Amino acid sequence: MSRTEIGGRPPLRYYLSKILFAGIVLIACSWILLPIVISALYAFSTPKDFYSPKEVIPLHYTFANIKELLDLGAARATMNSVIVACMTVVFSFILGLPAGYAFARFAFKGKDSLKLLIIGLRMFPMLVIAVPLVTLYIRLGLNDTLLGVALAHTTMALPFVILITSSIFVSVPIELEEAAFVFGLDRTQTFLRITLPLALPGLTAAAIFTFIMSWNEVFMAAVLTLTNRTLPAFILTSAMAAPDFIKFAASFIMILPALIFVFIARKYLISMWGITIR
Amino acid sequence: MNSSDQNRKSFSIIERYLPYFLIAPALSYLLFFIGYPLTQGIILAFTDSRGHFTLAHINYLLYSPQSLFYAALKNTLMLAAVIIPIQVMIALGLSLLLSSSFVGRDLALYIVIIPLTISDVAGGLIWYSMLSTNGFFNKFLMAAGLIHSPIHFFGYQYRAMEFLAIVLAEVWRATAIVFVIIFAGLQMISREYIEAAEVFGASTWVKLRHIIFPMLKPSLQSALLIRTLFAFQVFGVVMVLAGRDIPVLAGEAYYEQTELYHYGVAALYAIIIAAISVIIGYIYIKMFKAQYIREVGAG
Numbered sequence: 001m002s003r004t005e006i007g008g009r010p011p012l013r014y015y016l017s018k019i020l021f022a023g024i025v026l027i028a029c030s031w032i033l034l035p036i037v038i039s040a041l042y043a044f045s046t047p048k049d050f051y052s053p054k055e056v057i058p059l060h061y062t063f064a065n066i067k068e069l070l071d072l073g074a075a076r077a078t079m080n081s082v083i084v085a086c087m088t089v090v091f092s093f094i095l096g097l098p099a100g101y102a103f104a105r106f107a108f109k110g111k112d113s114l115k116l117l118i119i120g121l122r123m124f125p126m127l128v129i130a131v132p133l134v135t136l137y138i139r140l141g142l143n144d145t146l147l148g149v150a151l152a153h154t155t156m157a158l159p160f161v162i163l164i165t166s167s168i169f170v171s172v173p174i175e176l177e178e179a180a181f182v183f184g185l186d187r188t189q190t191f192l193r194i195t196l197p198l199a200l201p202g203l204t205a206a207a208i209f210t211f212i213m214s215w216n217e218v219f220m221a222a223v224l225t226l227t228n229r230t231l232p233a234f235i236l237t238s239a240m241a242a243p244d245f246i247k248f249a250a251s252f253i254m255i256l257p258a259l260i261f262v263f264i265a266r267k268y269l270i271s272m273w274g275i276t277i278r
Numbered sequence: 001m002n003s004s005d006q007n008r009k010s011f012s013i014i015e016r017y018l019p020y021f022l023i024a025p026a027l028s029y030l031l032f033f034i035g036y037p038l039t040q041g042i043i044l045a046f047t048d049s050r051g052h053f054t055l056a057h058i059n060y061l062l063y064s065p066q067s068l069f070y071a072a073l074k075n076t077l078m079l080a081a082v083i084i085p086i087q088v089m090i091a092l093g094l095s096l097l098l099s100s101s102f103v104g105r106d107l108a109l110y111i112v113i114i115p116l117t118i119s120d121v122a123g124g125l126i127w128y129s130m131l132s133t134n135g136f137f138n139k140f141l142m143a144a145g146l147i148h149s150p151i152h153f154f155g156y157q158y159r160a161m162e163f164l165a166i167v168l169a170e171v172w173r174a175t176a177i178v179f180v181i182i183f184a185g186l187q188m189i190s191r192e193y194i195e196a197a198e199v200f201g202a203s204t205w206v207k208l209r210h211i212i213f214p215m216l217k218p219s220l221q222s223a224l225l226i227r228t229l230f231a232f233q234v235f236g237v238v239m240v241l242a243g244r245d246i247p248v249l250a251g252e253a254y255y256e257q258t259e260l261y262h263y264g265v266a267a268l269y270a271i272i273i274a275a276i277s278v279i280i281g282y283i284y285i286k287m288f289k290a291q292y293i294r295e296v297g298a299g
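Protein sequences, first through last, are from chains L and X.
Those letters in the first sequence? Residues 1 to 278, per my numbering, in order.
Those letters in the second sequence? Residues 1 to 299, per my numbering, in order.
Bound conformation, chain L alone (with noise of 0.2 Å):
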């Protein structure tokens, strides 16, 4: 913020203030990505240098550890939770696209309070439906499948992606839509031939961001079910009892997609955060 003089060198406070700005910037950097490169590095080290106190870094490294977590069952986890946030994916945008569209496009009477509704539900503790979940699933034939877990991610996700997919829409410029009609297209057309297109890139990051919602979930994953687990919910219950650079290969499994996500979707993960969690 300081100014410094028109021909005459700048003060020394000047340069201090500068140092300790980018030290505390680079202390917060650390901060966030030395646990992250910490574990992933034990993720791939030899058990040998993990135990040896003097090896603060590994220098061995090996896919031994991952390899025997995915032998241990993480393999069909991971499938699992690629399984079952596809399908939240799907199903959440099945539901949640026309809503979003709604909210964006249309004035009709009672919006305010539908729009605070879906909002006052987003804020709601949805693990807790978990727990009397099971007795209407095992009713239905739906313990402990995968389809029974996506279907509560859905309930969980749905308030994030009409929100999200309303604010998406708002940011189409509705004149082009108007053009679309005077040209004679209906409102179908006008939203395949020139919304949909226009929203895309916005809607491929809502859906990465649903799937990392449904993918991280552990707490309903775990509760309904027992042997189809979800990657969460199967390190939850039997990784732990594993060795410890075993755990460190499942965190690092966990976070993969979660780090590629914050690469691609890097231009909207302020924003939609913003969105949901305003």
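The hints are simulated quantities; they were obtained by calculation from the structure and are not laboratory data.
Predicted model, so just to flag it, every value in this text is computed and none were measured.
Idealized CB from N, CA, C, for every residue including glycine.
Do not take every clue at face value.
[Stated by the list, open to error] Heads up, incomplete: computed chain L residues facing chain X, CB under 10 Å, no partners named:
no. : residue
1   : 29
2   : 63
3   : 64
4   : 141
5   : 244
6   : 266
Knowing the structure of chain L, use the given hints to seat chain X on it.
Coordinates of chain X only, in the frame set by chain L:
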């Protein structure tokens, strides 16, 4: 002419009801998947296996020596009381820091929000790799010659350290959520106010105290409320780092349900978490509604 009028009329009727048709499926789904379990939960909590009314579950919850309800409630509250102030302070500091422009700001921003996408289970495991007996922290301090035997963070006899580990992991993982809310709030403050203050020679502290903090108040409030809501659902981190050494509400619900098959007691925990959240959420909606109406009115 007549038929075209007819067409327009039917078109407008469809248009009038279309939004309700578009919203109805999602809303019905949500109302069923939240309403049914809640009703079912209340029934489970107050009936026995033959469907008769009973207070046995609530008596178990409150008075059985097996039940860790009070400890769970106390730990959940204590974790919230310790974690949330630290998160708000860090998030506030980081937001102020990262809202000025400098080389590499975008990169720093991305790094700071990475934990948003990391789950509680993974966050717990990551901090386990830092703090376990063979973890980075102990090895590093030992290699540096600062300690001679590892500091124990885990195990029933080290519960105070387990608590500390949970606090570290949660501050690391969930501060990003608070940061995003406060950062977004800070971006919305018009530069003009700050520039005007600068013209009048306001110091950094005066700018903070009299312009930025008052205008940031709504964001701070919602950050606080959202974090408090999440705090009552704390589960994965605690399970990974402390198991049942440090019982929390959601953890006890899980334990009573999956290990002891006390469905009624687990349902009680679910109802208690839901009730606390609804109360907090109600306060939030009240506040948000006022803000929402103000924004819509102004816009």
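Hint check:
1. Proximity of residue 29(L) to chain X holds as hinted, the smallest CB-CB distance being about 5 Å (cut-off 10 Å).
2. Interface restraint check: residue 63(L) against chain X, minimum CB-CB distance 18 Å, threshold 10 Å, status violated.
3. Against a cut-off of 10 Å between C-beta atoms, the interface hint on residue 64(L) is violated, since the closest Cβ of chain X lies about 17 Å away.
4. Annotation: interface hint on residue 141(L) violated; nearest CB of chain X at approximately 16 Å, more than 10 Å.
5. Given hint, residue 244(L) at the interface with chain X, holds; its Cβ is 6 Å from that chain's nearest Cβ, closer than 10 Å.
6. This hint holds: residue 266(L) has a C-beta 5 Å from the nearest C-beta of chain X, less than the 10 Å allowed.
Against the hints set out earlier in the document, violations occur for numbers 2, 3 and 4.
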